[in-house]
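Novice: Residue strings, one per chain:
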Amino acid sequence: MFQVRIHGRGGQGVVTAAEMLSIAAFIKGKHSQAFPSFGSERMGAPVMAFCRIDAKEIRLREPVLNPDALIIQDPGLLHQVNLFEGLAEHGYILINSTHTLAELGLEDYLREHPQRQVCVIPASEIALKHVGRPLPNAALLGGFAALTGLIQMEALQAAIRDKFSGKIAEQNIAAAQAAFAQVQTNTQGATPC
Amino acid sequence: MSIQKPFAITLDKNTSLANHTGSWRSKRPVYVDRLPPCNATCPAGENIQNWLFHAESGNYEAAWRSLTENNPLPAIMGRVCYHPCEGACNRGQLDEAVGINAVERFLGDEALKQGWAFAKPVAESGKRVLVVGSGPAGLSAAYHLRRMGHGVTIVEAETAAGGMMRYGIPRYRLPRRVLDAEVQRIVDMGVELRLDTRVDDVLAMQAAEGFDAVFLGIGAGIAKRAYIPAGDASHITDAISVLHEVEEHPPLLGRKVVIYGGGNTAIDVARTAKRLGAEASIIVYRRTRDKMPAHDFEVKEALEEGVKMKWLSTITEADAGNITIEKMALDDKGFPQPTGEFETLAADSVVLALGQNVEQTLLEHIPGLELKWDSVQTDAVMMTSVAGVFAGGDMVAGGERTVTVSIGHGKKAARAIDAWMRGERYQPAPKHEPATFERLNTWYYADAAKTVRPVLDIIRRQSTFDEVVGGLDEGNAMYEARRCLSCGNCFECDNCYGVCPDSAVIKLGAGKRFAFNYDYCKGCGLCVEECPCGAIAVELEDK
Amino acid sequence: METTIKFYQTDTFTVGNRLLSEAERSVQAGMQRTNALNSGHRACQGCGEALGARFAVDAAMRATNNQLVACNATGCLEVFSTPYPESSWQLPWLHSLFGNAAAVATGVAAAMKVKGKQHIRVLAQGGDGGTTDIGFGCLSGMFERNDDVLYICYDNEAYMNTGVQRSSATPPAARTATTMPVGQHANGNVFGKGKSVPLIAMAHEIPYVATASVADLRDLEAKVTKAMSIHGARYIHIHVPCPLGWGADPAHTIKLARLAIESGLFPVFEAEHGEITGHRAIRAQVPVEDYLKLQKRFAHLFRAPKQVDVIAHLQAMADRNIRRFKLLEKFTSPTGGAAA
Amino acid sequence: MLKQIEGSQAVAEAIGLCRPEVICAYPITPQTHIVENLGQMVDKGQIDPCEYINVESEFAAMSVAIGASAAGARAYTATASQGLLFMAEAVYNASGLGLPIVMTIGNRAIGAPINIWNDHQDSLSMRDAGWIQLYAETNQEAVDLHIQAFRLAEELSVPVMVCVDGFILTHAYERVDIPEQAQVDAYLPPFSPRQMLDPANPVTIGAMVGPEAFMEVRYLAHYQQMQALGLIPELAEEFQQQFGRDSGGLVKPYRSADADTIVVALGSVNGTIKDVVDEMREQGVSIGSLSICTYRPFPRKAVRSALQHAKRIVVVEKSLAVGIGGIVATDVQMAVAGLHKPVHTVIAGLGGRPITRDSLRKLFHKADQGHLAHLQFLDLKHALVHEEIARMEGQRHSGPSAENILRGMGTIASQIR
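Residue numbers (our numbering), protein chains in the order written: chain A, 1 to 193; chain B, 1 to 543; chain C, 1 to 340; chain D, 1 to 417.
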């Protein structure tokens, strides 16, 4: 079972991201489960969403306490909430930022972490470019596909089309593809992106 | 779909009918008929309310037939009756009395117009009754007796029937075609009318012709006289003579006429004199206007026509061309007392209108006939002290001398004669308790003022004997009839049926009124309170 | 001169009038009336609500050709008409709760619509407690959605079923079990008539709002009939005196209702889409004292020393109604009735 | 058709397949998505004919459903938490009138303090309301139970509540097999009401019943509901034959036949419990579980039979009867009365507190070792409550405990656990 925890703020599509992730897994015949951190939904408040992916039925109903991957949609949360709590050893970390890890103040903290598992991408900028709004979730999922290889781009595209329709779906797919390409390029270079 | 009703939660409709809430009652409403004041006061005993009821719905023939159950002369009565019913009418306490008399006249006239006839009796009794006098009492008695199947012969001394209706009431109040037609309608029932037949010994005639009973209705046709010192040249006559003469040839009364008296006859003469061309027609009366026995409306009409009044005056002397009158003053008790103050008044003639007496000749021929003064004493059912001899009208002691009273006498006597001829004594049905104003819930009646009858223009009133007061048209008559409150008797307004919170009033259908369903009536009394006409009474439950 | 031939001795004030044409006769005058609330119910003697309910439901039955369902709030009407094992109702009838009659009726109407049986119309009914107090939320909701329901409130001005406690329809100064004329309630109910549900209903701009009274049957029937000719939310508020709760002679039920109208204390009017369209003019104005004196619930006002100020306050309320609803002006109501 | 969808959407689609004729909608978290989805389905004509009514309160929602059902329409509504309590009077009324309404409960805690997260306090507060109560373990089961619920309700003329854990299920995206319309139509015939408001056959529904018959009416309500104990397994069996899935039924034992310790629970927490049971079985612990799907009527015999060989019973319940302890545990105790087995009550997950494998594992080991207390609160922050109790004892009347506790914790906006 692979567990993902996504951190962000209300209004950034955190829950949608988890749901799209689960749909992408479902499309590939896997069992998956996505759910939010059950708060009253307020714009701007810190929120979380979870996704589990497994080959067999998922019965577990606890929140994702030990994620195999973290997606951090809003780097502003880095110093407010203990985002890394429970992260599996060698777990994936995908951060939406235009800054480097050093600039984010995470260099020391992640010194021991395998560098190939950590990635920073300017997902909001990518989204702004392709979608016209700084909604980073699709782009981050593109990045997540490239980083983890756990979901395929074509499944992700289908998932995006499930949640969005028409032009918006295509724009989000474009953002996801752009992020996917960027992460793939970067990880091939074996440097923290 | 078949309904499976859950136990107790779902109930069948109408199941509450098993719960007889009538047992809650401590008092019960009952429908009653109460005697309306109009009926109660009608001297002719008309069921006024009942004929108004029919007139309300425009069924004039039914109304007329109801009316003539009691009174055969509605067109006459609609003109000459002083309608005490209207004075008693409860509506008078609400706005104005119902114009009963006007509706009666409408019905009477409508009957003449339509030619409605009285039904002939279904079977002949074989009994025969002699009626002496064709005045209202005699005609009424004859009519009612004939209805019951008896043979009736009227004997009349005059050349025309009608008695005082013809020889005492001026034409401007009662056109003669109306009188003739209503008399003829009675005759047409098979009543024998012998005119110009004076009877002095009625018992002899009864014996000779084999009548089973006799009714006397000869009226009071002898004028009362008063002593007035008078010169030879003075012209003093009496009202009866004047009014009788008018029927045959105009009497010569001169340009200035003084009428002495304060009754209706005085007014009739004064107005007649005016129509005969008198410049001045002056009524001299001892007391004040409000004490006059004459009806106020007649005084008013007379004044309108130019009749003058001298109140508080007595004639002390009459001479050629003038009279002397003494001014009077009312004492503490309301009696006029002489003042010693005199006045002279121009007068070509003086007409005494001081009342009438009964002619005695016929009476003297009946041995043992009990009199009171000049009048015949009768018992409660109009029988004289002589068995089989009945009397009614102005000749009978006690009571008012009016056409209406006479008609009532005739009816009552007819019933008594009918009983007597069968060897019984007539027992009038007990009267219902009165329908007083307090018993009504007048809120329900619509506001409606009395209709004003058309009146002849003043010039023609002063110069002709044309009828002064006109009749109502159909619309007016119906309107007026509908002003009736139906005091004391159900007129099927459905209020009780509607206002019962327990649906415990059963409507029996048009004309059949209502019944209480005492299985459910809780005795709240709403129906009693909301009955407009006071036709529901409350009785305590006998528990 | 009056119009002659059209005049009827009681006009339309009485329940029936044999002189009227069949078409003009009241439902209650007919031998064929439904008696929707039939005999054997357990209402008090002289119950105004029982009377008003039969008037209203019978009229609605005729207007709908008997295709009618009634939903009833808890209260006197419900209790006295349906104690197991006896029902007085002759139409399909449903009682759910005290405060939900309007919503239950909405549900019935929705079911009829979805079943394609929109010709079956829905009536909701309740007392003043079930309408102006506990059922007010559901009532307002039904109004706001403009559901196809006629809601009838039988207003007897207190919670009678539970033993005469004050409701928001209780008039000022009235004695109830919770406003006994002692202490701070020395003059009975302190507040009162501050909540006119008819006016609040009008504020919802529903198609039809009317007030009516058991003292004017024709007007009541005309209003119910008119209401049934309209679709959407409709509200009729009927004044129904309660002999028990008011301390009045059971025989005076209609008289009291009449005095309430004639004094101006209970204005009879109607409104469409939030606008007043008619009123029933006072026929013969009476002072409020005439009305108050017949009721023990106001008896404390007349004991020495007479509560002149309180009576004046009630008179002022009546006068205000008269001004506000133009009750002294003749008005030919669109529904006819006795206004003309 | 297999779909990866949110639980609320799946429930809405299942309701739609049941052809409801009147839907009453009033928002309350966490059931809101269900009625939102249904509204769209009605608007799109996917449910037709159907009247979708936006009511002004939960009390009105149930009242409208009562009217609609009494008039012969298939009626549905959904609520949660405070909403269920606000409609409580009407909830009792619907069952009292024998109206087969189906209602989804998105289970949520009841305040004060106000709390929007999951537990079972709401539906359990209505356990005596005369409704059948079914608890879904997964969103698949939530879907299937609704289809069975309409059939069950209408066959018995008893209303049914389908309880679905708020957020945990309602807001979870997971794989659900949504049946085809034809399948559902074959399983669920059109509503044929036991009684109906019909001018052609007027009846009085909702009479006042006095002492002379009230006991009998209530007895019959009990009798009628008890019929469900026979009908529910039949309907589940029929469902399995037609849809190929084992859903619903009275109870679901899991590896319990030979277990010394059997864990009993309602709803979605059974998934986590099963994972822990599997884990502990691998470690050789004799443990199993029993999921109670039908809570009302309470399947006493089925529960007793499933528990009769256990040495101890641990009831994990998301509810608290303040002043005594467990609610479900009390019923379970009654079921095993006379068997002389310890029944441990574990109050867990109140107000959305996550019930984690870690905590359950520790709990069950403790039970296995026979160290479990009769009543205990899972993951209770003992230090915090002890501090508050001490403070309360020091100064009485000091204000709301909830605020003091939050102050004691330091206000943390978003915590993982």
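Be aware that a few hints might be false.
Claimed, not checked - Which stretches of chain D does chain A cover? Using the computed rule of at least three CB atoms under 8 Å from a CB of chain A, they are:
1) 147-159
2) 167-178
3) 272-283
What the hints contain is simulated information worked out from the structure, not anything from laboratory work.
Positions of the beta carbon are idealized from the N, C-alpha and C atoms, including for glycine.
Novice: Now look at each hint and say whether the structure bears it out.
Specialist: Taking the hints in turn, this is what the structure says about them:
Note: the segment 147-159 of chain D has 0 residues with beta-carbon separation from chain A under 8 Å; the three-residue rule is not met and the coverage is violated. With 7 residues bearing a CB less than 8 Å from a CB of chain A, the segment 167-178 of chain D meets the requirement of three and the coverage assertion stands. Only residues whose C-beta sits within less than 8 Å of a C-beta in chain A count toward coverage, and the segment 272-283 of chain D has 3 of them, enough to reach three; the restraint holds.
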